[in-house]
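The whole structure should be built from the sequences, with the hints applied where relevant.
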Amino acid sequence: MTPRLVLRLAVRDWRAGELRLLLAAVVVAVGTVTAIGLFVDRLREALLSESTTFLGADRVIGSSRPIPEGFRDAARRLGLAQTDVVTFPSMLFGDESPDARSQLVSVKAVGDGYPLRGVLRVAEEPFGPAAVTRAVPVPGEVWLDSRLFPALGLALGDTVALGYARLRIARVLAGEPDRGGSMFDLGPRLLMHVDDVPATRVIQPGSRVGYRLLLAGDDGGLAELRAAVEPDLAPNYRWRGIADANPTIGDALDRAESFLLLGGLLAVLLAGVAVALGAHRYARRHYDHVGVLKTLGATPADVQWGYLGILSAVGGAGVVTGLLLGGLVHLGIVAALSAYLPASLPWPSPRPLALGAVTGFVCLLAFALPPLLALRGVSPMRVIRRDVHAGAASQALTYGAAALGGLGLLVWYSGDVFLTLWALVGGVGVCGAFAVVALALLRGGRVVGMQAGSAWRLALAGLQRRYRENVAQITIFGIAIMLLLILLLIRTALLDEWRSQLPEDAPNHFVMNVADNEVEAVQALLATHTDYDGHLFPMIRGRVTSVNGEPAESWAETHRRGPEGPRLRSERNLTWSDTLPDNNVLVEGGWWPEGTDAALLSLEDEYAARFGLGVGDELAFDIGGLPVTARVANTRRVEWDSLQPNFFIIFSGGALGDFATTHMTSFHLDAEHKPFLNRLLSDHPTITVIEVDEIIRQVRSIVGRVTQAIELVLGLVLGAGALVLVASIQASHEARLKEHALVRALGGTMRLIAGALTAEFAVLGAFAGVVAVIGAEITVTVLRSQVFELGYELHPWLWLAGPAIGAVLIAAIGYLGTRKLVESPPVLVLREL
Amino acid sequence: MNDGSAESPILRARAVNKTVPTAEGDLCILDDVDFQAVAGESVAVVGASGSGKTTLLGILAGLDLPTTGDVWLDGDEITALSEEQRARVRGRCIGFVFQTFQLIESLSALENVMLPSELRGDASARDDASEFLARVGLAERVTHYPRELSGGEQQRVAIARAFASRPKVLFADEPTGNLDTATGARVIDLLFDLNVESGATLVLVTHDAALADRCNRVVTLEAGRVAS
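From first to last, the protein sequence lines stand for chains A and B. At position 778 of the first sequence the residue is numbered 778 (this note's numbering), and the sequence of numbers has no breaks. At position 142 of the second sequence the residue is numbered 142 (this note's numbering), and the sequence of numbers has no breaks.
To be clear, the hints were calculated from the coordinates, so they are not data collected in a lab. There's no promise every hint is true.
Stated by the list, open to error - Here are the simulated distance ranges between beta carbons:
| # | chain 1 | residue 1 | chain 2 | residue 2 | range |
| --- | --- | --- | --- | --- | --- |
| 1 | A | VAL436 | B | THR68 | 40 to 46 Å |
| 2 | A | VAL808 | B | ALA223 | 57 to 63 Å |
| 3 | B | ALA210 | A | GLY444 | 36 to 42 Å |
| 4 | B | CYS28 | A | VAL808 | 52 to 58 Å |
| 5 | A | ARG351 | B | GLU77 | 32 to 38 Å |
| 6 | B | CYS28 | A | GLY432 | 38 to 44 Å |
| 7 | A | VAL436 | B | ASP127 | 55 to 61 Å |
Only a predicted model underlies this, so the values are computations on that prediction, with no experimental measurement involved. Every residue, glycine too, gets a C-beta built ideally from N, C-alpha and C.
Put into structure tokens, the structure is as follows:
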């Protein structure tokens, strides 16, 4: 066949409406994938850039040494934005009088332009409402944390002394984007300009100073900079991205990405099913067509290349239309959600468009090619003998190609072989299991049908008669409904998980440095004004000096795994307890008996694993200059996200009970009750209050955005699922209509036929609902445990809701899809078919 | 009347057998059938339902292969050819008229008639098709689709399509089986007129004795064997 003839045949098929379903399936496949892809791509970029506010930048180079000029030059050459941050602890004096109150503060000196990502928040009075500012302190000015005002008896406009420098208090500092991290090491914050640092003369050789170079710019530039400075980074400089900045946000993003990917995968699968249905219908309607062509002299090769040509034409038209549709849909989504989305979404990368186009062609090749290629084998004898086998595609080829194409797409799309393999294994297993259950349900339905009224009897007889097609259809409906249920369940699981991690009343303030003699008074104050639960953790600073008699430094060198994370010899907060803290779980070993005299230790399990420590190891500590030795009794898992006081190392009371310590705890305080902190700090000037409500607010905002994204993807996948249902019903409704037209010709009323069709679809839908629930429960259990690391949970409501949703959905779509033909005279229906 | 032996036959089948496997063992449909037709001859194949007429037609036209035996068509041993090659032979020298018309629903009358010429790559496909449609009396219906035509009109389109490919052999399978008597008679007149005009060999499968009598020769099949 010449290309011109192929094109002419394609145009004639199009005009006759033969290609519309196939084309619609390709358009929706490409459109859905492209719309999800474009939206997810842009939202992910936006979420990432929002998350970078936790760093105050896109990337940070940090060190205890000054940042080399070479790094700055390289960043400048690459056109990256940059600014400096220098942090160090220092004593802050209220004024110059010898008896002035003083407080250890955590100084942060910043350059112009700070922060590169996120915003500073300031208040007009201590603990007052916060507002965003774009400014930073000018030289000669400082901005102070609220708690410093009552602690030092200061007011806005006063002058404070920091080292040799005299600085005026210009504003109350209410929030910095990059404040997270090791919050317990922070004193109250003093923000100043970096140009004032030399005047303080505080930084001397051996001072504890942190230098950071904040960087922002496009990914390419940042990657180039990293490559350029990489050789000079180790061992003194660390390159940090968002994942290092805040593990909670990193986790939330990872899970959201997993979910969005899953949504995308499901859209691809649904689109593939729709294409397969469209192609099978097209092929079935062309068996006779090909038989005639062959009698007229078309060779098998002509048929093969001809239909490949038609498929390519459909593919080309479908991909172009699908890309346009996807672009429009995604713009519509962005417009509809503009109020909830970041003001300026970054431009999408070209990847989603490529993804959409490739998806369209792969869907066609994998799902539509086998049935169309089978047309090559249609016997020309079919034109004179209808009983001659049509030469339908071999099932192995059809399913093999679909599995291979589906797998290829999924792996390419997700970049996650594990997730993909589970989806595929689940898919194949589910299809087989669904078919068995569907058959059992149909057989059961026949028994019930014998007792039913006429419309139901007609419906159940119809279902029974075409049981092969119906088993296939129940399986397809079942999979579509199952995919929707899976999305719904996973979404619920994720949201529950996040809400339980960050409940409304999660602790948002920490109190530290509470001396023994202040414990009662502080407890009384907290109990009156907050939800404080009465538990105070003793806290003391100390460092590990040796492990099993080997100096800690050499032990760490030989046993440490990976360069990141806490260091063995760092000074850290230690506590002791007779009981295992509430949100901790024992991993190895046992907890010690209450009131034990033995010197025992409990280690956080990842910390223990990092340094090759385990139960039975003996650790020596230097605590306030005194040596203490204790044996590891157990390791435990800690929920770092919980915002409760957590410790890497917990001692038994017998080991540390005699040391003089301070205490700490956490509590929740609403924004409107924050002035209570003025009273707490005025009464107890030496205690330290750390506010983490700002960090929690940021985490919540990100979780909220992610939730919206998930709901959107759910909506889009729902749309793709509905299309599969429509395609599936359309693929089978000719056989149904022919039968029902006969019944009408024999005197059946339109009402009987409409009732029977609706009943038939409702029963199909309900059966599909049953198999969908079984599949969804199994898949969600696997996904929860393997992908999202959540626990196991059954959903009893689903067992009622699944079949009900299936029955209503399929009956509605089925009825709407066939109503017009039911209402037309039976002779027309019979002639059309 | 030609007796079919004086000239070299354009269509010849020798010792053709066709058996198909069934649950009860092999079923013999054609049993040692010999057949031949010379150029311009018209041969009717008659017999009761199940006697193997349609199977023989399929094998003679190269639509199907015999289990044993061979068939020559216009000098080619089509039973020794691949499906690809048989299709080319069909395109080159065979025309068909079927009981169920076998028009392609998505194509107009003109497009259906153009199809064989288009498959051969003829540049004059449209003109030829228009001409043949005019000759079967459907010049006014060229843009109509099969579902918009009566049974008789559909069969006339099929006849136009069959002759538009200028075949050397025309196979007709119960061409009046789906038509009323009057319409059937008109269609048959048309078929025979065009056949005489084109000089093609006509192989007509029918169980209508009157129709068979209009042919030069009648071959009767009984239970898969040639009875006359």
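Hints, verified against the model:
| no. | hint | in the structure |
| --- | --- | --- |
| 1 | A:VAL436 - B:THR68: 40 to 46 Å | holds (45 Å) |
| 2 | A:VAL808 - B:ALA223: 57 to 63 Å | holds (58 Å) |
| 3 | B:ALA210 - A:GLY444: 36 to 42 Å | violated (57 Å) |
| 4 | B:CYS28 - A:VAL808: 52 to 58 Å | holds (56 Å) |
| 5 | A:ARG351 - B:GLU77: 32 to 38 Å | violated (58 Å) |
| 6 | B:CYS28 - A:GLY432: 38 to 44 Å | holds (41 Å) |
| 7 | A:VAL436 - B:ASP127: 55 to 61 Å | holds (60 Å) |
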